[in-house]
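Chains U and A supply the protein sequences, listed in that same order. Heads up, our numbering is the position in the first sequence plus 165, with the first residue counted as 1. Heads up, our numbering is the position in the second sequence plus 22, with the first residue counted as 1.
Derived by calculation from the structure, the hints in this document are not laboratory data. Treat each hint with caution, since some may be false.
[What the hints assert, rightly or not] Here are the computed lysine-lysine pairs in the DSBU-like style, where the Cα-Cα straight-line distance is at most 30 angstroms: (1) 193(U) <-> 671(U); (2) 164(A) <-> 356(U); (3) 593(U) <-> 183(A); (4) 183(A) <-> 356(U); (5) 183(A) <-> 164(A); (6) 242(A) <-> 525(U); (7) 670(U) <-> 256(A); (8) 183(A) <-> 525(U); (9) 249(A) <-> 656(U); (10) 372(U) <-> 656(U); (11) 525(U) <-> 249(A); (12) 296(U) <-> 593(U); (13) 183(A) <-> 210(U); (14) 171(U) <-> 449(U); (15) 249(A) <-> 670(U); (16) 500(U) <-> 372(U); (17) 525(U) <-> 164(A); (18) 323(U) <-> 296(U); (19) 671(U) <-> 650(U); (20) 372(U) <-> 256(A); (21) 746(U) <-> 452(U); (22) 256(A) <-> 593(U); (23) 183(A) <-> 671(U); (24) 372(U) <-> 525(U).
[Said to hold, decoys possible] Listed below are several chain U residues computed to face chain A (Cβ distance under 7 angstroms; list not exhaustive): (25) 214; (26) 218; (27) 362; (28) 490; (29) 586; (30) 588; (31) 690; (32) 694.
For every residue, glycine included, the Cβ atom is placed at its ideal position computed from N, Cα and C.
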Amino acid sequence: MVTKLKEVDAVMVGMGWTGAIMARELTKAGLDVVGLERGQDRIPKEEFTLTQLRDELRYVQRIELMQDNSLDTITFRNEPDERALPIRRFGAFLPGEGVGGSGIHWGGLHWRFLPTDFRIRSALAERYGAKAIPDDMTIADWPVSYAELEPHYDHFDKLCGASGQAGNLRGNTIAGGNPFEGPRSDDYPNKPIKTGVGPAIFRDAAKSLGYHPFPLPVATASAPYVNPEGITLGACEYCGHCNRTACEANAKASANVNVMPVLRTEPKFELRTRSFVSRLLYDKAAKKVTGVAYTDLRTGEEFEQPAGIVVLSSFVFGNTQQLLLAGIGEPYDPKTGRGVVGKNYAYQFEAGGTAFFEDKWMNPFIGAPGMSIAIDDFNGENFDHGGLGFFGGGYIACNNGGAPPIGSRPVPHGTPRWGSEWKHATAKWYQHATGFNTQGSVYANARNFMDLDPTYRDALGRPLIRLTYNGTDNDHKMSHYLLAKLDGIIKAMNPTHYELHQRPKKFTIVPYQSTHNTGGTMMGSDPKSSVVNRYLQAWDAHNLFVLGASVFPQQHGYNPTGTVGALAYWSAQAITTQYVKNPGPLVHA
Amino acid sequence: MVDDTRRKFLLGAGLAGASVASGLTGELAAATPAEAAPAAPQPAATAAEPETYLVLTATEVAFMSAMADTIIPADELSPSGTDCGVVAYIDRQLAGAYGAGDRVYRSGPFHRGAPEQGYQLALTPREYFTAGIAAANAWSHKTFGKELDRLAPAERIDALKQIEAGTAKFENFSASAFFNRVLAIVMEGFFSDPMYGGNRNMAGWKMIGFPGLPALYREKVDAYYDKRYVAPPKSIADFS
């Protein structure tokens with residue numbers, strides 16, 4: 166028995182960053198909006214509080230803020246001829262759950278993609294010749310330019326109260342910032358977070374080698390700040406507990422702190438939590454969705470929520486799964502290369518290192534991701550790939566994000582993992598180590614994709630998403646190149662001891678790596694090669710908009726959230742200024 | 023807020039520190055032959071109150087105590103694993119939601135996957151440790167003629183190395199994977215907030231100089247730049 170509810174103007178499927186931003190913009194334009202979220206509500210003044218947030222076991226090890234895999238997970242295999250098995254508890258990546266989604270437990274690293282990233286296929290063809298791009302490298306130009314997105318990047322900076330050092334202000338290079346970044350229309354709202362000891366040594370070493378170090382930009386306010394929604398943010402406390410945890414200081418940006426307080430007071434908005442959207446209601450002939458069906462997880466009751474506009478604003482896997490289940494867009498077939506839904510799954514190809522300085526006090530528990538220093542000299546097309554045998558790159562950073570002790574106790578390689586020798590090494594080095602990472606891109610490959618699993622099902626009986634993913638030769642070569650550059654910088658830092666951490670040859674879902682999963686519902690300039698158009702509107706359902714990193718054609722060498730936020734504002738602007746006046750395709754195929 | 027009774031208990035557990043009971047129950051300790059006494063130096067088990075366990079059996083307590091004290095032996099850096107409450111911690115974890123497989127996808131079919139596909143057994147963590155302890159003791163009995171907790175100290179270290187490396191062959195059960203799970207839960211018990219029963223007297227935090235709470239360093243970050251930060255550690259109970 167399905168209860169049919171009264172139609173609303175718009176419904177959000179997921180209330181993380183993108184659902185909250187879109188709901189806010191649509192209600193501002195006068196639309197009635199329902200936000201459906203399958204997880205629980207998360208209210209900062211009740212949940213983002215001391216002392217509970219200092220509980221590493223609860224948040225970092227038992228991953229309290231992450232998706233409940235007993236309700237839903239994905240299956241995984243490295244290669245198409247293998248049997249995919251369910252990820253029984255997330256490990257390599259950690260999608261969040263509840264209001265705020267993955268935007269609560271992130272570290273807050275806040276980047277923009279390079280202008281050339283948005284036209285990467287064209288840029289590579291111009292610089293190296295079209296034939297230099299391997300046939301199986303299915304990268305694509307974005308259907309939107311950096312210049313078009315810039316105002317939205319700027320707005321998202323301000324919403325977040327981001328802290329950093331501009332390197333390119335309206336075309337002028339600013340010393341101490343990232344000289345490779347695209348021109349910014351405005352500076353960061355807040356000054357950089359203070360630099361840590363290890364990152365400062367990295368900065369000096371990088372400079373001595375002719376590189377261009379700068380403070381890592383973060384969506385964390387370094388000082389109290391009032392954002393454009395009128396919400397007052399607090400200043401970062403350098404607590405060292407950002408990752409996998411919420412922020413009690415209201416300094417690290419999240420939808421919960423930076424958007425939801427105004428949305429909660431908006432009469433045109435209604436939030437329904439524990440509401441698990443089972444499917445999109447698709448009228449193929451009319452090329453429209455009529456609404457969504459969902460299950461109230463408190464009672465098991467099913468509802469249909471008709472809506473004029475449906476916004477898919479869940480994680481990469483959920484967005485892709487909904488389109489495959491509804492039959493919207495042609496599923497990707499890796500054998501023929503035909504189809505688009507599930508295509509161009511990409512990831513972040515990180516590697517790194519650890520250095521030990523016996524005479525330096527790192528105080529690693531005093532931490533904030535913004536205390537880190539990066540160089541961008543080997544990202545995207547910031548360097549010449551001629552003769553290197555790979556494309557792509559990434560920023561290289563020395564990190565200072567905190568070191569909660571269950572999970573973060575580096576000792577030199579070769580130290581036993583237990584016993585008296587382990588104890589002595591841990592006691593000796595805990596306060597003297599600093600870590601590094603290379604934030605490598607993943608240039609999409611024809612063999613990495615998502616489809617529906619033939620065997621395993623979620624709590625609603627729906628087929629799980631099946632992920633087929635492995636690292637490519639291109640990406641491994643890229644990663645080795647970045648590690649060699651990192652090696653040179655660490656040597657110049659003159660540590661007592663150091664080691665580099667290469668990626669294993671095969672991707673594994675076990676140790677944590679990155680929650681920068683991308684692709685599956687890629688945006689593009691025509692329906693043959695993409696799922697959504699430049700405004701994130703589905704080619705096959707004009708009142709369906711798909712938000713989040715699932716629309717990325719590939720993943721570049723940066724954290725994705727800055728671009729996810731900017732795209733949400735870009736899409737919202739198109740809906741409120743164009744679509745609501747004249748509903749229909751915003752781009753004609 | 024922690025209620026008064028619980029708070030007093032937590033504080034009591036913290037203050038008791040090194041004088042708190044070893045992981046062995048009185049009964050089991052009494053039944054243990056003298057020559058097979060646990061390897062690590064320990065305070066007299068009879069002097070303190072016996073630990074109360076929720077789910078671990080006496081055999082499992084003996085096994086986990088032996089593991090905890092071999093992984094974290096008493097020395098000048100900290101008391102032994104059991105004296106730091108590691109076995110009490112493990113017992114409580116396995117008795118609760120984590121031990122019951124909370125938020126884990128547990129639908130079949132179950133297949134042995136590639137290592138890259140992660141854990142694929144049907145067992146909850148509590149069931150997994152029960153099965154692993156049985157397998158480890160069976161191997162130890164076959165190899166050394168007795169259970170792992172009854173081995174002499176040097177022999178036990180050797181046994182752990184074999185289990186860690188996977189050269190110990192358990193009956194249809196991965197020895198090295200089991201060792202990794204034991205190592206992980208022992209480290210949790212040594213470094214998690216003391217309110218979970220381990221890290222008594224914040225011994226794990228003191229060993230490395232982790233100050234715990236409240237971790238508000240905005241006014242301190244400059245003053246302690248490249249200078250040793252020393253503060254007596256505080257736990258959640260200290261602020262509750």
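Each hint, compared with the structure:
{"no.": "1", "hint": "193(U) <-> 671(U)", "in the structure": "violated (47 angstroms)"}
{"no.": "2", "hint": "164(A) <-> 356(U)", "in the structure": "violated (65 angstroms)"}
{"no.": "3", "hint": "593(U) <-> 183(A)", "in the structure": "holds (23 angstroms)"}
{"no.": "4", "hint": "183(A) <-> 356(U)", "in the structure": "violated (51 angstroms)"}
{"no.": "5", "hint": "183(A) <-> 164(A)", "in the structure": "holds (17 angstroms)"}
{"no.": "6", "hint": "242(A) <-> 525(U)", "in the structure": "holds (17 angstroms)"}
{"no.": "7", "hint": "670(U) <-> 256(A)", "in the structure": "violated (42 angstroms)"}
{"no.": "8", "hint": "183(A) <-> 525(U)", "in the structure": "violated (33 angstroms)"}
{"no.": "9", "hint": "249(A) <-> 656(U)", "in the structure": "holds (23 angstroms)"}
{"no.": "10", "hint": "372(U) <-> 656(U)", "in the structure": "holds (13 angstroms)"}
{"no.": "11", "hint": "525(U) <-> 249(A)", "in the structure": "holds (8 angstroms)"}
{"no.": "12", "hint": "296(U) <-> 593(U)", "in the structure": "violated (53 angstroms)"}
{"no.": "13", "hint": "183(A) <-> 210(U)", "in the structure": "violated (48 angstroms)"}
{"no.": "14", "hint": "171(U) <-> 449(U)", "in the structure": "holds (22 angstroms)"}
{"no.": "15", "hint": "249(A) <-> 670(U)", "in the structure": "violated (40 angstroms)"}
{"no.": "16", "hint": "500(U) <-> 372(U)", "in the structure": "violated (48 angstroms)"}
{"no.": "17", "hint": "525(U) <-> 164(A)", "in the structure": "violated (50 angstroms)"}
{"no.": "18", "hint": "323(U) <-> 296(U)", "in the structure": "violated (42 angstroms)"}
{"no.": "19", "hint": "671(U) <-> 650(U)", "in the structure": "holds (23 angstroms)"}
{"no.": "20", "hint": "372(U) <-> 256(A)", "in the structure": "violated (40 angstroms)"}
{"no.": "21", "hint": "746(U) <-> 452(U)", "in the structure": "holds (18 angstroms)"}
{"no.": "22", "hint": "256(A) <-> 593(U)", "in the structure": "holds (21 angstroms)"}
{"no.": "23", "hint": "183(A) <-> 671(U)", "in the structure": "holds (27 angstroms)"}
{"no.": "24", "hint": "372(U) <-> 525(U)", "in the structure": "holds (20 angstroms)"}
{"no.": "25", "hint": "214", "in the structure": "violated (11 angstroms)"}
{"no.": "26", "hint": "218", "in the structure": "violated (9 angstroms)"}
{"no.": "27", "hint": "362", "in the structure": "holds (5 angstroms)"}
{"no.": "28", "hint": "490", "in the structure": "violated (18 angstroms)"}
{"no.": "29", "hint": "586", "in the structure": "violated (10 angstroms)"}
{"no.": "30", "hint": "588", "in the structure": "holds (5 angstroms)"}
{"no.": "31", "hint": "690", "in the structure": "violated (36 angstroms)"}
{"no.": "32", "hint": "694", "in the structure": "violated (30 angstroms)"}
Checked against the numbered hints above, the structure violates hints 1, 2, 4, 7, 8, 12, 13, 15, 16, 17, 18, 20, 25, 26, 28, 29, 31 and 32; every other hint is satisfied.
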